[in-house]
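Peer 1: Sequence:
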Amino acid sequence: MRFSSLSEWVDWQQRLHTSSIDLGLERIRVVARRMNLLEAPDFQIITAAGTNGKGSSVALLEAMLRPHGRVGTYTSPHFIRYNERVRIDGMEVDDASLCHAFEQVEQARGDTSLSFFEYGTLAALSIFRERGIDYAILEVGLGGRMDAVNLWDADIALITSISIDHTEWLGRTRESIGREKAGIMRPGRPVVCGEPDLPVSLSDQARRLGAPLQRIGIDFFAEPLGSGRWRYRHRDGISLDLPTPPRLPGRVQLNNAASALTVLHHLGRFDPETIRHALENVSLTGRFQILDEPVDTVLDIAHNPEGAINLVRNLRRYRPGRPLHAVFSALQEKDVPNILGPLSPLVKSWHLSEVDSPRAIPLETLRILAESCRLPEVHVHPSVTEAYREAASRAGQKGTVVVFGSVFAVGEFLLHQSERLESNQEQTPPV
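Numbering (my numbering), first residue to last: 1 to 431.
Keep in mind that the hints are not guaranteed to be accurate.
Simulated crosslink set (SDA-like; lysine to any residue; CA at most 20 Å straight-line) [to be verified]:
{"#": "1", "residue 1": "Lys-348", "residue 2": "Gln-332"}
{"#": "2", "residue 1": "Lys-398", "residue 2": "Glu-364"}
{"#": "3", "residue 1": "Lys-348", "residue 2": "Arg-313"}
{"#": "4", "residue 1": "Lys-348", "residue 2": "Leu-331"}
{"#": "5", "residue 1": "Lys-334", "residue 2": "Leu-209"}
{"#": "6", "residue 1": "Lys-334", "residue 2": "Pro-358"}
{"#": "7", "residue 1": "Lys-398", "residue 2": "Ile-309"}
{"#": "8", "residue 1": "Lys-334", "residue 2": "Ala-40"}
{"#": "9", "residue 1": "Lys-334", "residue 2": "Arg-233"}
{"#": "10", "residue 1": "Lys-334", "residue 2": "Phe-79"}
{"#": "11", "residue 1": "Lys-398", "residue 2": "Ser-372"}
{"#": "12", "residue 1": "Lys-334", "residue 2": "Glu-390"}
{"#": "13", "residue 1": "Lys-348", "residue 2": "His-416"}
{"#": "14", "residue 1": "Lys-334", "residue 2": "Arg-316"}
{"#": "15", "residue 1": "Lys-398", "residue 2": "Ala-360"}
{"#": "16", "residue 1": "Lys-334", "residue 2": "His-78"}
{"#": "17", "residue 1": "Lys-334", "residue 2": "Thr-365"}
{"#": "18", "residue 1": "Lys-348", "residue 2": "Pro-358"}
{"#": "19", "residue 1": "Lys-334", "residue 2": "Leu-375"}
{"#": "20", "residue 1": "Lys-334", "residue 2": "Asn-281"}
{"#": "21", "residue 1": "Lys-334", "residue 2": "Pro-294"}
{"#": "22", "residue 1": "Lys-334", "residue 2": "Glu-293"}
{"#": "23", "residue 1": "Lys-334", "residue 2": "Glu-364"}
{"#": "24", "residue 1": "Lys-334", "residue 2": "Arg-359"}
{"#": "25", "residue 1": "Lys-398", "residue 2": "Ile-368"}
{"#": "26", "residue 1": "Lys-348", "residue 2": "Gly-399"}
{"#": "27", "residue 1": "Lys-334", "residue 2": "Arg-174"}
{"#": "28", "residue 1": "Lys-334", "residue 2": "Lys-398"}
{"#": "29", "residue 1": "Lys-398", "residue 2": "Arg-359"}
{"#": "30", "residue 1": "Lys-348", "residue 2": "Ser-393"}
{"#": "31", "residue 1": "Lys-398", "residue 2": "Pro-305"}
{"#": "32", "residue 1": "Lys-334", "residue 2": "Leu-369"}
Please keep in mind that the hints were generated in silico from the structure rather than gathered at the bench.
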């Protein structure tokens, strides 16, 4: 075995390839062939792509499918532990299984260089094969057409929202981005789309492939009813009144839930009681996640303009009238002015920090970008932890702190919170 611990494997993989993002299927196909992973699997694959909403849709699907068979889920990125990326029946895969899978990848890799995401994708698919799952839910890392998970044919493609993000790799228009997302479609296989304003490039690709396209607002519907209820309708005649997911608030989450239900409909696994139970209990880290800290705190990985707009809608609805203090950080390719702009009218003070990532925007650059937006009060801090401490001090008991932007920012906050809780438990004498 090359390394004895999961952290050693992960650290090494992050340095293995020349670039942290390097789209393409040639390298991973070579290694997958050596690992005999290119043969059609015994399980069904649902591949999820989209600018926003992938994680929520995957979490909903996982919860709804688990009563119907063994479910393997592959997502990214992680917040604290690498294990968050690979789950079987909702449980994170243990360190030993991941290390074993990494060694299998390494034995097959030879002199082929793999990106961090490619390495993890091969390990996840290897684990899924060994565990005898019934369904694999694969979340696209970036784009779709050239993403590592697209090496495997999706039985059902799920496409959530489509907006401007990752323009360096996907193009600068919704049409070009839609074309990349459409790359996960397969000839004759269903496509479920939760984007109401569908790019022509995507619908054209479905038509060329003869892939049956199901569109929200045309083929299926998510209708708010008020009082914590909503209705799912499908043109096939299905109509079901359901609870809104209490831990996934916001109108956009109803679109995600309706899309997940339409996937279930295609799979023939549409069970109302299972669906209700899943909606009432599903949760997801960093998606308008409300914490009962000493200070009211909201975590959200809104990292593009569409995500920021959805965050504002949720803040106006669920935190009306409360003074807001924001902790923010971002990666270099992000459209910072159009992320900060929607929140500007709501936020009293801004607390910026640079996260621990080679792609992080340097703190001084972040400050200049924020000041160019004419934000009311901007402070810079050496870490997310210190930024949060100052924001919480200003918020007090009547305000709310919003930690948002990069996944790394939310992850750093959660790691500090976890360490603080562990420290408090160690210091508490036994009763």
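Peer 1: Next step is simple, just say for each hint if it's right about the structure.
Peer 2: Here's how the hints hold up against the structure:
| no. | hint | in the structure |
| --- | --- | --- |
| 1 | Lys-348 with Gln-332 | 25 Å, violated |
| 2 | Lys-398 with Glu-364 | 31 Å, violated |
| 3 | Lys-348 with Arg-313 | 17 Å, holds |
| 4 | Lys-348 with Leu-331 | 23 Å, violated |
| 5 | Lys-334 with Leu-209 | 33 Å, violated |
| 6 | Lys-334 with Pro-358 | 14 Å, holds |
| 7 | Lys-398 with Ile-309 | 24 Å, violated |
| 8 | Lys-334 with Ala-40 | 37 Å, violated |
| 9 | Lys-334 with Arg-233 | 36 Å, violated |
| 10 | Lys-334 with Phe-79 | 19 Å, holds |
| 11 | Lys-398 with Ser-372 | 29 Å, violated |
| 12 | Lys-334 with Glu-390 | 25 Å, violated |
| 13 | Lys-348 with His-416 | 24 Å, violated |
| 14 | Lys-334 with Arg-316 | 24 Å, violated |
| 15 | Lys-398 with Ala-360 | 32 Å, violated |
| 16 | Lys-334 with His-78 | 19 Å, holds |
| 17 | Lys-334 with Thr-365 | 12 Å, holds |
| 18 | Lys-348 with Pro-358 | 30 Å, violated |
| 19 | Lys-334 with Leu-375 | 18 Å, holds |
| 20 | Lys-334 with Asn-281 | 33 Å, violated |
| 21 | Lys-334 with Pro-294 | 31 Å, violated |
| 22 | Lys-334 with Glu-293 | 29 Å, violated |
| 23 | Lys-334 with Glu-364 | 16 Å, holds |
| 24 | Lys-334 with Arg-359 | 10 Å, holds |
| 25 | Lys-398 with Ile-368 | 30 Å, violated |
| 26 | Lys-348 with Gly-399 | 10 Å, holds |
| 27 | Lys-334 with Arg-174 | 16 Å, holds |
| 28 | Lys-334 with Lys-398 | 31 Å, violated |
| 29 | Lys-398 with Arg-359 | 35 Å, violated |
| 30 | Lys-348 with Ser-393 | 13 Å, holds |
| 31 | Lys-398 with Pro-305 | 28 Å, violated |
| 32 | Lys-334 with Leu-369 | 11 Å, holds |
The structure shown violates the earlier hints numbered 1, 2, 4, 5, 7, 8, 9, 11, 12, 13, 14, 15, 18, 20, 21, 22, 25, 28, 29 and 31.
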